[in-house]
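Chain Y is already provided as a structure; the job is to place chain V with the ligands on it using the hints.
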Amino acid sequence: MKPTEQQMKEMLRTMLTIRGFEQTACALYMDNWESGNFLGALHSYEGQEAVATGACACLRDDDYVFSTHRGHGHFIAKGGDVKAMFAELLGKEAGCSRGRGGSMHMFDPEKGLMGGNGIVGGGIPLALGPAFAANYRGTDQVTVSFFGEGASSQGVFHESLNLAALWDLPLIFVCENNRYAVGTPVSQGISVPNVSVRAAGYGCPGVTVDGDDPVAVYEAVSEAVAHARAGNGPSLVEAVTHRYSTHCMVMQEGREQSELDEMNEHDPIPRFEQYLQENGIISADEVQALKGEVSQLIEEAVAFGEDAPFPDPATVADGLWVS
Amino acid sequence: MANMREVVLTRALNEALHEEFKRDDNVFLVGEEVGGVFGVTRGLDRRFGDKRVRCTPISEAAFTGLAVGAAVAGLRPIVEIMYLDFVTVCWDQIANQAAKLRYMSGGILKMPLVIRGQQGNLSREAAQHSQQIEGWCAQVPGLKVVMPATVEDAKGLLKSSIREDNPVIFVEHRGLYGLKGPMPRGEYTTPLGVAKVQREGSDITVVATSVAVQKSLGAAEKLAGQISVEVVDPRTLVPLDTETILASVRKTGRLLVVHDAPVRLGFGAEVVRAVTEEAFDALQAAPRVVGGANLPMPYSSVLEDACIPSEDDITQAIKQVVES
Ligand SMILES: Cc1ncc(C[n+]2csc(CCOP(=O)(O)OP(=O)(O)O)c2C)c(N)n1
Ligand SMILES: [Mg+2]
Chain Y
0 MKPTEQQMKE MLRTMLTIRG FEQTACALYM DNWESGNFLG ALHSYEGQEA VATGACACLR
60 DDDYVFSTHR GHGHFIAKGG DVKAMFAELL GKEAGCSRGR GGSMHMFDPE KGLMGGNGIV
120 GGGIPLALGP AFAANYRGTD QVTVSFFGEG ASSQGVFHES LNLAALWDLP LIFVCENNRY
180 AVGTPVSQGI SVPNVSVRAA GYGCPGVTVD GDDPVAVYEA VSEAVAHARA GNGPSLVEAV
240 THRYSTHCMV MQEGREQSEL DEMNEHDPIP RFEQYLQENG IISADEVQAL KGEVSQLIEE
300 AVAFGEDAPF PDPATVADGL WVS
Chain V
0 MANMREVVLT RALNEALHEE FKRDDNVFLV GEEVGGVFGV TRGLDRRFGD KRVRCTPISE
60 AAFTGLAVGA AVAGLRPIVE IMYLDFVTVC WDQIANQAAK LRYMSGGILK MPLVIRGQQG
120 NLSREAAQHS QQIEGWCAQV PGLKVVMPAT VEDAKGLLKS SIREDNPVIF VEHRGLYGLK
180 GPMPRGEYTT PLGVAKVQRE GSDITVVATS VAVQKSLGAA EKLAGQISVE VVDPRTLVPL
240 DTETILASVR KTGRLLVVHD APVRLGFGAE VVRAVTEEAF DALQAAPRVV GGANLPMPYS
300 SVLEDACIPS EDDITQAIKQ VVES
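Protein chains in written order, with numbering that gives the first Met the number 0: chain Y, 0 to 322; chain V, 0 to 323.
Heads up, a few of these hints could be off.
Chain Y side only, calculated, beta carbon under 8 angstroms to chain V, not exhaustive [said to hold, decoys possible]: (1) G39; (2) G98; (3) Q153; (4) A283.
Simulated from the structure, these hints should not be mistaken for laboratory data.
Note that the Cβ used here is the ideal one computed from N, Cα and C, for glycine as well.
So that you can see chain V by itself, here it is in the shape it has in the complex:
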C-alpha cells in the first residue's frame, strides 16, 4: 500500500475541492459559514479568494438559484448546504429548476452543478437536523445522487461530481466525517454509476449506502467464519449500477439492503424491485430491507437509537435471511 495514505474523510473531501478549484477556474463555491462548521471547505477561501468562495447570508433559495443560473451561464458551481435537511427551503431550485432545465430546453442547456452537504443522526439534533434526503432527490428525474461511504470514494466521487455536466446531489454523512481510511496518493477520480464490492463473500449480498456500509462491514466482520457476507456499495443511487448488485446476488442467492433513511418507499425497496424483476430465480430466500423508522427523528437518545439500524440490527437481519 505504498501508494496509499491514511487520512480522515473530511480531509479527502477537502483535497478534492482544492484540486478541482485549481484545475478549473470556473469552479466556485457558495454557502453559509464556508470554511467553518464541519471543515470540509477549510482553506479554500484563503487559497482561492472570496471571488470563488462566497459566504452567503442565510438565503438558501437565493444562492442555490444563483448557482443554477450560473451553471446555465457556463460556470461550475458547488453549493454547500450546511445540513442537507435545509434543501427544503431551496427545493424549488433543486427539484423544479436544476433537475429539469436541460430537459425542458430540449437538451440545449447544461447544468454542471454540485449541491453538497452533510446529513445523518448521532448528534441528537432532532427531527429538522437528522434526516436522510437521498430518497427525496432520487425521486426527481434529472438529479444524480452520490453517497460516498469510504475515504477513497469520498475524494474520487467528489472530483467526478464536480467534473460532471449534470446536477449532482452529493450526500455526505456527518457520522463518517471522522472516519480514517486509506486514500490513493496523486490524482484519481471515481466514476459515477459504478458500484463497489467493499467486501467479498458468498452467503449473502448486503447492499448498503453511506454510513450503513460501515455498519454492514462491521456486521460482516462479526459474522466472519460463520456467514460469509458480501457488502456491495452502490456509491451512486442515481445512476444505479444494478449489474454489480445482480451479479453479487446471483453468486450469493440472498439479499439484504440496509440504509438509515426511512424504509418506506426507500432505496431498499427499489433494489429489491430490481433484483426480484431481474434475478428472481437466483434468490434462495426472501430479500429484506433494514432501514430507518418511518418517523421524524426524536431527540431523546433512547428514542433516536430505536429509529436507526445498528450494527446489531444488521447482524440479526443477516442471520435471519441466511437461516430462513
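Just chain Y, with the same shape it has in the complex:
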C-alpha cells in the first residue's frame, strides 16, 4: 500500500522534526558538557529518519512500538511529545520519564511507546508481549520492534522470531541496517549479507527495502501490518539506511572521511522533498512553511525543557514500586 498525499506531507513533517530534534539535542549536549546535566550516551537518529517515519505512519495510536538506544526518531514518529523529550534529556521532572530514564529510556505508553533500551536486543523479546496480549484479548493491534542490524546477532532476536512465527504473533520486526554497530561494519558482524534472509529460517516473510525512502518503508511495513492484523503472524522488514553521526556523542568517528562524504547522497530528507515536489504533492512554499513550523516547535520545546525544574532529590525513590 502507498501512503496518501496527506500522509506523505505528515511524513515529511515527522522527518524534519526528527532531524531538527537531533541537531538541537546534539548542540545542547555540547553546551551542557561542563554542567554535567545532560550527559549519557546520546545516539543520534540523524540519517535514519525515513525508517521510523515510514514504519510508524502505518500504525494506529493503540499499536505498540519497542525502541532501542537510538530511539528519539521512533518516539517522535509515533507521536511522542517533543517538549517532554527535551525535558527528559535535560534530566527534568517534566521529562517523559520524569528524569529517571534519559535518552535511552523514553516512555509514553498512551502513545504505545514502550521505551528505548540500553541493552542491545533487549527490546526484541519484550515486543512479543503486547503482540501476545493482542491475540489473547482478540484485538487487532500490532507491535513493531525496532532494532539495529547489530542486535540481530543477539540470541534473543532468533528466539523471538521463532516464537513469534510459531505462535502467529502480530509483530513486525523492523531491522534498521545502518551498516555499523558502533565501529563494527555489518560484514564483520553478520554471517549473511542481509538480515532479512534470517526470516526464512523461522518461517515468516522477510524483505529488504531502501531505508532512506520513507515510501518504500511504508509500503513494506504496511503490508506486514496488514498480514499481522489479519492473524497471519510476524514479518521481518530490513531497512537499509545510514547513520550520519558517530555512534554516540563523546565517541570518535571511526569511519573513513570518503565514506562520510558519500552520506549526503543518501540524505532521505532532500530526496523526499524532491519526490513530493516533483509529483506535485507539496509546493516549495509549503516546504518552507513546514520547516518554519518545525523550527518553532523545536525552539519552544527546548525552552520548555530548559525552564523546567529538576526533580527533587528527596523523591529519588518515586517510581520504583506501586505503593
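Same frame as chain Y, now just chain V with the ligands:
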C-alpha cells in the same frame, strides 16, 4: 621512588595485557569493539593479530560461552564485556557454566578464564549502564571477584588474574580509568586474596572497594589531624582477606565499610558479619555501611548524585562512627 613511574590506570591495565599476551601464547581476548571505546585493549590487535584478539558480533552469550569452552580446552581466554551491566545477557555462561564446571566435574576440568570490563556511574547513562555487579558475582560460589582501586594494583591484579587457573571476574570502574598514580617499573604481580592497607590510621578502619577507596582516601585526608583513618582495600572480594581487616579493626576498634553498590545484602554486610563474628570484643562502636541506594540508577544528575556515596557522605559517616 626511582623504580616507580606515574601512569594512568588504563595504561596499567593495557601493559598487563600486553605483557601476559607476550608471556603466554594461550592467552587470547574476545569482545566487542576491542581496541576502541575505553582504550584498555589498545594496540593488542596490531601487535598480536586477529588470531588472538577477536572482535565479535554483539553476541555476549556466544562469545562468553566460547571462552568458557576454550578455557576447558586449555586456552586462557580473556572476555571483555563493554559495560559489566551486560553480564546479564551471558549470565548463564558465567554463573551456571564457568563457575561450576570444574566442581561438577569433580575437580577435573580447569577454568583459566578472566571476564573483565568496566562499570560504575558518573557518565549519567541511567539504570542499564550504571550498575555494580560485584555483589551478583560474589554470590556465585566458584567465581573469584577482583576490584582494583589503584594504578599499581590494576596492573598487578590483572596479571595474576590472567595466570589464575580459576574463573575471575575482574571489575574495573570507569571513574578510575583516568586516575594517575605510581606504578612499579618492570615485572610484578599482585596476589589475589591479599588486602592492602592503603592508608594507615588508628581511630577507625574504613574498608572500601574500587572507586570508594579513592573517595575514602579523600575523606581520610580531609579529616587528617582530627581523626586518624585507616583505609583497607580488600582488592579481591573473593577470596576475601578477612585477616587484614580483622587486624585493622582490632587496632582501631571501629569499622565503616564503603562501596558504591547497593547497600542491601551487599559486600558491606558481609564484612560487618565477619567482623562482628570474629572481633566483636574489639568494637568500640556499632559498625556502619555506607553504600549505594537500593534503586535502579536514575538518569538525572541530581538524582544520580543522591544514589552514590560521595566523599562528604563518607566523611560524615566516619565522624558519626567515631563520635558515637
Ligand atoms: C548487550 C549489549 N551489548 C553491547 C552494548 C553496547 N552497544 C551499544 S549500541 C551498540 C551497537 C548496536 O548496533 P546496532 O544494533 O546495529 O544499532 P545502531 O547503534 O547501529 O543503531 C553496542 C555494541 C549494549 N548496549 N548492550
Ligand atoms: Mg547498526
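Which of the listed hints are not met by the structure?
Hint 4 is the one this structure does not satisfy, whereas the remaining hints hold.
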